[in-house]
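Assemble the whole structure, with the sequences as input and the hints as a guide.
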Amino acid sequence: MKQLIVGIVIAFSCFGYNQNCTYTFLGELSDFHDGTPIISATIYIKEHDKYLVSDFDGKFKIENLCSGVLNLTISHIGCETKTVSYVIKGDTHKAIQIEHHIEELNEISVTGNTSKKETKTAQETVLKANTLKKYSALNLGDALKEVSGVSSINTGNSIVKPMINGMHSSRLLILNNNVRLQDQDWGIEHAPNIDINSADQISVIKGSGALAYGGDAIGGVIVVNPIRIIRKDTLYGRTIIGGQSNGRGYNISSTFNRSYSSGWFANIQGSFKQNGDFRAPDYNLTNTGLKSHAFTMNTGKKKFESGFEVFYSYLDNEIGILGASHIGSTFDLERAINSGQPSLINDFSYDINAPKQEVTHHLAKASYYKRFKNFGKINLQYDYQNNQRLEFDVRIGDRRNIPAVDLKLQTHTFLADINLDANLNRRINFGIMGRFQDNFANPDTGVRRLIPDYEKYDFGAYTTAEWQISDDLIFDAGLRYDFNRIDAKKFYLKSRWEERGYNVDFLNIILEEFPTQLLTNPVFNFHNISASAGIKYNINDSNQIIFNYSLASRPPNVSELFSDGLHHSAARFELGNLRFDQEIANRLSASYAFNSSKFSLLAEVFYSRVNDFIYLRPFDFILTNRGPFPLWQYQQTNAELFGIDVTATYNLTDALQWQNKTAFIKGYDLETDLPLIDMPSFNTTNQITYNNEAWYNFSASLKSEWVFEQNEFPDFNFEIEDQLTGEITLIDISTPPPAYHLLHLYNEATFSFTEKTNLKVALSINNILNTSYRNYLNRLRYFADDLGRNITLQLELNY
Amino acid sequence: MNTNKLNIKTMKINHLNITKTTNFFVSALFCLTLITSCSSDDDNPPPVNPEEIITNVTLTFTNNADATDIVVLASVAPDGQDGTSNESVTGNFTAGATYDLSLAITNASETPADDVLNDDIIPEADEHFFSYAVNNINLTMTRDGDDINGPNGSKLGVNTTWVAGAASTGNVQITLTHEPTSTDDSDGFGTATGGSEDLNITFNNVDVQ
Numbered sequence: 001m002k003q004l005i006v007g008i009v010i011a012f013s014c015f016g017y018n019q020n021c022t023y024t025f026l027g028e029l030s031d032f033h034d035g036t037p038i039i040s041a042t043i044y045i046k047e048h049d050k051y052l053v054s055d056f057d058g059k060f061k062i063e064n065l066c067s068g069v070l071n072l073t074i075s076h077i078g079c080e081t082k083t084v085s086y087v088i089k090g091d092t093h094k095a096i097q098i099e100h101h102i103e104e105l106n107e108i109s110v111t112g113n114t115s116k117k118e119t120k121t122a123q124e125t126v127l128k129a130n131t132l133k134k135y136s137a138l139n140l141g142d143a144l145k146e147v148s149g150v151s152s153i154n155t156g157n158s159i160v161k162p163m164i165n166g167m168h169s170s171r172l173l174i175l176n177n178n179v180r181l182q183d184q185d186w187g188i189e190h191a192p193n194i195d196i197n198s199a200d201q202i203s204v205i206k207g208s209g210a211l212a213y214g215g216d217a218i219g220g221v222i223v224v225n226p227i228r229i230i231r232k233d234t235l236y237g238r239t240i241i242g243g244q245s246n247g248r249g250y251n252i253s254s255t256f257n258r259s260y261s262s263g264w265f266a267n268i269q270g271s272f273k274q275n276g277d278f279r280a281p282d283y284n285l286t287n288t289g290l291k292s293h294a295f296t297m298n299t300g301k302k303k304f305e306s307g308f309e310v311f312y313s314y315l316d317n318e319i320g321i322l323g324a325s326h327i328g329s330t331f332d333l334e335r336a337i338n339s340g341q342p343s344l345i346n347d348f349s350y351d352i353n354a355p356k357q358e359v360t361h362h363l364a365k366a367s368y369y370k371r372f373k374n375f376g377k378i379n380l381q382y383d384y385q386n387n388q389r390l391e392f393d394v395r396i397g398d399r400r401n402i403p404a405v406d407l408k409l410q411t412h413t414f415l416a417d418i419n420l421d422a423n424l425n426r427r428i429n430f431g432i433m434g435r436f437q438d439n440f441a442n443p444d445t446g447v448r449r450l451i452p453d454y455e456k457y458d459f460g461a462y463t464t465a466e467w468q469i470s471d472d473l474i475f476d477a478g479l480r481y482d483f484n485r486i487d488a489k490k491f492y493l494k495s496r497w498e499e500r501g502y503n504v505d506f507l508n509i510i511l512e513e514f515p516t517q518l519l520t521n522p523v524f525n526f527h528n529i530s531a532s533a534g535i536k537y538n539i540n541d542s543n544q545i546i547f548n549y550s551l552a553s554r555p556p557n558v559s560e561l562f563s564d565g566l567h568h569s570a571a572r573f574e575l576g577n578l579r580f581d582q583e584i585a586n587r588l589s590a591s592y593a594f595n596s597s598k599f600s601l602l603a604e605v606f607y608s609r610v611n612d613f614i615y616l617r618p619f620d621f622i623l624t625n626r627g628p629f630p631l632w633q634y635q636q637t638n639a640e641l642f643g644i645d646v647t648a649t650y651n652l653t654d655a656l657q658w659q660n661k662t663a664f665i666k667g668y669d670l671e672t673d674l675p676l677i678d679m680p681s682f683n684t685t686n687q688i689t690y691n692n693e694a695w696y697n698f699s700a701s702l703k704s705e706w707v708f709e710q711n712e713f714p715d716f717n718f719e720i721e722d723q724l725t726g727e728i729t730l731i732d733i734s735t736p737p738p739a740y741h742l743l744h745l746y747n748e749a750t751f752s753f754t755e756k757t758n759l760k761v762a763l764s765i766n767n768i769l770n771t772s773y774r775n776y777l778n779r780l781r782y783f784a785d786d787l788g789r790n791i792t793l794q795l796e797l798n799y
Numbered sequence: 001m002n003t004n005k006l007n008i009k010t011m012k013i014n015h016l017n018i019t020k021t022t023n024f025f026v027s028a029l030f031c032l033t034l035i036t037s038c039s040s041d042d043d044n045p046p047p048v049n050p051e052e053i054i055t056n057v058t059l060t061f062t063n064n065a066d067a068t069d070i071v072v073l074a075s076v077a078p079d080g081q082d083g084t085s086n087e088s089v090t091g092n093f094t095a096g097a098t099y100d101l102s103l104a105i106t107n108a109s110e111t112p113a114d115d116v117l118n119d120d121i122i123p124e125a126d127e128h129f130f131s132y133a134v135n136n137i138n139l140t141m142t143r144d145g146d147d148i149n150g151p152n153g154s155k156l157g158v159n160t161t162w163v164a165g166a167a168s169t170g171n172v173q174i175t176l177t178h179e180p181t182s183t184d185d186s187d188g189f190g191t192a193t194g195g196s197e198d199l200n201i202t203f204n205n206v207d208v209q
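Quick mapping for you: the protein sequence lines, in order, are chains G and S.
1 is the number of the first residue of the first sequence in my numbering; add one for each residue after it.
1 is the number of the first residue of the second sequence in my numbering; add one for each residue after it.
Rather than coming from a laboratory, the hints here were simulated on the basis of the structure.
Any given hint might turn out to be false.
[Claimed, not checked] Cβ-to-Cβ under 10 Å is the rule here; a few derived chain S residues that face chain G:
| hint | residue |
| --- | --- |
| 1 | V48 |
| 2 | I70 |
| 3 | Q81 |
| 4 | S109 |
| 5 | N135 |
| 6 | N138 |
| 7 | M141 |
| 8 | D147 |
| 9 | G170 |
[Unchecked claim] Every beta carbon over 10 Å from chain G, so not counted as near; a handful from chain S, in silico:
| hint | residue |
| --- | --- |
| 10 | N44 |
| 11 | N64 |
| 12 | A67 |
| 13 | S85 |
| 14 | D144 |
| 15 | G165 |
[Stated by the list, open to error] Simulated coverage check for chain G against chain S, where a stretch passes if three residues somewhere in it have a Cβ under 8 Å from a Cβ of chain S:
| hint | region |
| --- | --- |
| 16 | 327-341 |
| 17 | 438-448 |
| 18 | 488-500 |
| 19 | 590-600 |
| 20 | 613-626 |
Each residue gets a CB set at the ideal place from its N, CA and C atoms; glycine is no exception.
Rendered as structure tokens:
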């Protein structure tokens with residue numbers, strides 16, 4: 001153990017004369033947490049250059065001491081080495097607490113293959129830095145697809161929302177350095193605002209088992225953690241530079257980490273990336289450029305007993321949205337679907353025009369913790385987030401440069417939690433959370449607000465407990481209560497207000513009347529209970545099983561409640577409903593893991609039943625002066641989802657490894673007996689990897705990605721009448737695109753210059769065969785093919 | 001290794017952003033302590049009356065030879081594109097007569113009503129194109145010589161002349177395309193591809209008598 005390396009002790013010599021060297025020092029070592037004696041610890045007596053070992057009571061005795069200074073260095077397996085100093089004036093007895101269980105508490109740097117999991121019995125997969133670095137030029141949502149059962153719902157290639165077991169957006173929680181991301185996650189085209197380069201480790205937790213983070217994670221939780229602090233004197237950095245052939249993209253990211261053995265640390269990281277128009281195999285995807293700036297810094301002091309951290313991150317994304325996807329009418333949509341290629345194809349350009357998004361996200365956090373002996377640890381955290389979203393639509397006249405959506409969401413959160421770990425076999429956590437959120441919808445857009453001004457108050461309290469019943473059996477359970485209050489100022493068109501019947505049910509919330517509109521003040525209070533319980537059993541060294549049950553409760557989001565109006569980019573009306581209740585999900589899961597030196601297998605099954613599941617479906621038509629438009633309405637139904645995710649790895653030889661990841665999921669609306677919309681189809685990836693450590697740590701892997709056609713989908717196709725000719729046209733928005741198979745190649749080699757300096761060169765080719773395909777889970781699939789071949793060269797310099 | 005240089009740069013960045021961060025923190029903490037003051041006062045937000053909406057589209061056909069022979073095709077959508085529109089037809093075309101079409105496109109949700117045609121569309125004529133279509137009704141049309149120049153060498157389609165043929169009943173459609181990729185006005189009615197439709201209105205049961 002590295003921790004056993006005995007620290008350097010500053011020498012003090014015994015001084016003075018006429019010493020009386022007859023004193024006795026009696027030491028008693030105990031555990032900081034539970035006061036149990038520390039047996040067999042090594043005590044080095046500096047002055048005598050002698051070693052002692054503590055006895056069964058944690059005691060040790062040093063005889064024939066002179067008066068003066070006594071320096072002891074105490075070390076023990078699993079403890080942090082501690083140096084103490086006493087002035088001896090006579091016989092002395094000292095009780096010394098040392099920090100045992102440091103490893104279990106995960107307070108030290110973990111290197112090698114160990115990774116810290118956030119949960120014990122949930123279906124959790126950890127992605128580590130080595131995997132994440134491959135995605136330096138891409139998005140969080142792209143990297144997460146490394147986990148079987150995780151897909152993404154895309155708007156083009158730059159807006160990538162993670163999807164866990166078929167659920168996305170408000171049904172997933174994303175935590176960035178223990179701060180729950182509040183970035184208007186309700187919309188499919190609102191991607192999470194996290195720079196993948198700031199992440200050192202990401203945990204993907206399927207289901208809502210991680211109650212400490214929230215009780216509404218019906219789909220799952222994504223925990224993004226920055227680099228962990230190593231408490232020693234180090235300075236290191238990393239720079240990644242990459243270039244991509246498709247989109248002529250380039251990216252650069254640098255990280256510097258400085259830490260001191262005293263516990264002080266500071267990290268800074270910045271990234272920049274840009275690409276122009278991407279290219280499908282047969283044409284340019286005009287206006288798909290991207291420009292992204294990101295910056296992260298944190299500093300603080302981390303010691304065993306206490307510590308604090310100040311963290312700030314900034315992300316600014318300007319994302320072009322495929323020009324051809326701007327449609328003005330349902331007929332445009334029909335033309336797009338039938339023509340098979342985008343209506344707007346221009347030469348390559350880095351320009352980003354409307355439609356586009358500009359999103360900036362600031363996250364600032366301050367946290368503090370302190371440990372108390374025989375008790376546990378208290379954490380306090382405050383964070384502030386500021387999310388500004390501008391969406392530019394294709395507009396005419398002077399309003400060309402005014403965004404059609406201009407929302408500023410500010411969130412303040414205070415967290416306090418206590419981990420009682422005095423007894424490591426029975427740990428208890430509890431915590432409280434208070435949050436205030438303010439959304440401001442700028443009226444200067446000249447477009448009626450899709451999302452209203454609102455204030456939201458959240459309060460949560462939870463407790464989780466973990467029992468180590470035996471070496472092979474762990475049981476955990478948790479309970480959480482959340483209160484949410486939404487207080488909105490929402491304008492309704494009078495016509496809609498009456499058409500929805502709100503004039504009967506919500507008569508008393510009208511604040512003001514305008515010629516065509518009403519200002520209303522809807523206030524909603526939601527009480528949510530969530531719970532989870534699970535068990536993990538190691539049958540033997542190579543077989544493990546996990547069972548988990550979780551109950552989650554998600555209040556409707558502001559989009560589901562308040563949407564009312566034309567969603568320009570989708571050429572449809574979207575109507576929310578003020579009458580919605582929260583979704584309640586019950587999820588059962590079981591995992592089986594097998595590990596041997598040759599073969600490993602992880603199979604995860606789940607069944608989830610969601611009552612009052614909210615989703616959007618076409619409902620009716622509105623004949624406007626721009627032609628007929630479909631009207632989509634949010635609806636509540638009862639739904640069930642179930643599936644299995646498999647990851648298998650087989651070492652063919654020492655150098656050759658085969659890996660398979662397969663996910664199968666089904667989802668049904670139990671009231672209409674229809675399949676759920678936007679469910680990932682069966683998909684399987686096979687990868688063969690060759691490794692040769694002797695040859696510059698070379699590895700090459702060939703990956704085959706096979707995505708089947710989704711054969712179960714709700715038929716939401718609709719017919720529209722050509723007003724001029726009376727001709728009826730079917731708009732096929734439902735039929736999923738056919739299956740596709742892609743091949744990807746990834747090679748890397750590492751060249752070491754010095755012990756600490758090395759260069760990793762990675763060359764990858766995505767979609768080697770330049771296959772044309774469309775993905776069911778890409779909202780722009782009606783308009784254009786997905787990306788063609790992309791050759792990426794990435795240099796990673798570690799120093 | 002150029003670590004020193006790198007670090008100097010880093011520190012500069014660091015310094016700048018610490019200032020920024022500090023500001024954020026101060027404002028954030030300030031907001032937390034005065035949560036009510038941050039949460040805006042009790043002022044109500046102002047309503048948004050969309051400026052670029054079109055509520056009223058009126059096609060007034062006037063007989064060249066008889067100024068009292070007028071056909072009015074009117075579309076009224078009080079909420080603009082946000083709501084339903086209602087079409088009305090007043091008067092009949094006279095077989096064999098020639099009509100001048102006068103267009104009016106306004107946003108009546110503002111007071112006074114906003115003249116969208118003259119204030120927005122005509123000044124950006126190169127990005128707009130009116131096209132017309134008829135079905136089962138004997139109407140033909142031409143774009144006038146003094147019609148405003150639209151995109152790609154086509155005429156915009158605001159000044160047009162219509163000739164009513166034999167008696168018939170059918171539908172008349174007007175479409176305004178914004179930023180069409182190509183236009184063709186050779187048959188008078190005109191066709192556009194690409195772009196997006198700002199207007200697409202059909203008037204049913206128009207008569208030539």
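Cross-check of the supplied hints:
1. Against a cut-off of 10 Å between C-beta atoms, the interface hint on S/V48 holds, since the closest Cβ of chain G lies about 5 Å away.
2. Hint on S/I70 is violated. Least Cβ distance to chain G is approximately 22 Å, over the 10 Å limit.
3. Hint status for S/Q81: holds, given a least beta-carbon distance of 5 Å to chain G, under 10 Å.
4. Proximity of S/S109 to chain G holds as hinted, the smallest CB-CB distance being about 6 Å (cut-off 10 Å).
5. Evaluation of the S/N135 hint against chain G yields a held restraint, the C-beta minimum of about 5 Å falling below 10 Å.
6. For S/N138, the suggested interface contact is broken, since its CB lies about 15 Å from the closest CB of chain G, more than 10 Å.
7. Taking 10 Å as the C-beta contact cut-off toward chain G, the hint placing S/M141 at the interface is violated, the least distance being around 15 Å.
8. Proximity of S/D147 to chain G is violated relative to the hint, the smallest CB-CB distance being about 20 Å (cut-off 10 Å).
9. Restraint check, S/G170 versus chain G: the minimum CB separation of about 9 Å is within 10 Å; hint holds.
10. The beta carbon of S/N44 sits about 6 Å from the closest Cβ of chain G, which is not more than 10 Å, so the claim that it is off the interface is violated.
11. Non-interface status of S/N64 relative to chain G is upheld: no Cβ of that chain comes within 10 Å, the nearest being about 26 Å off.
12. No Cβ of chain G comes within 10 Å of the Cβ of S/A67; the nearest lies about 28 Å off, and the non-interface call holds.
13. Its closest Cβ contact with chain G, about 4 Å, brings S/S85 to no more than 10 Å, contrary to its assignment away from the interface.
14. A cut-off of 10 Å between C-beta atoms confirms that S/D144 is not in contact with chain G; the least separation is 23 Å.
15. Listed as a non-interface residue, S/G165 keeps its Cβ farther than 10 Å from every Cβ of chain G; the least gap is roughly 18 Å.
16. Counting residues of the region 327-341 of chain G whose beta carbon lies closer than 8 Å to any beta carbon of chain S gives 5, which meets the minimum of three for the stated coverage.
17. As drawn, the region 438-448 of chain G meets chain S at 8 residues by the rule of a beta-carbon pair under 8 Å; at three or more, the given contact holds.
18. For a cut-off of 8 Å, the count of residues in the region 488-500 of chain G with a CB near a CB of chain S stands at 5, and the three-residue condition holds.
19. Counting residues of the region 590-600 of chain G whose C-beta sits closer than 8 Å to any C-beta of chain S gives 0, which falls short of three, so the coverage hint is violated.
20. Coverage of the region 613-626 of chain G by chain S holds. Counting CB-CB distances below 8 Å, 5 residues qualify, and the rule asks for three or more.
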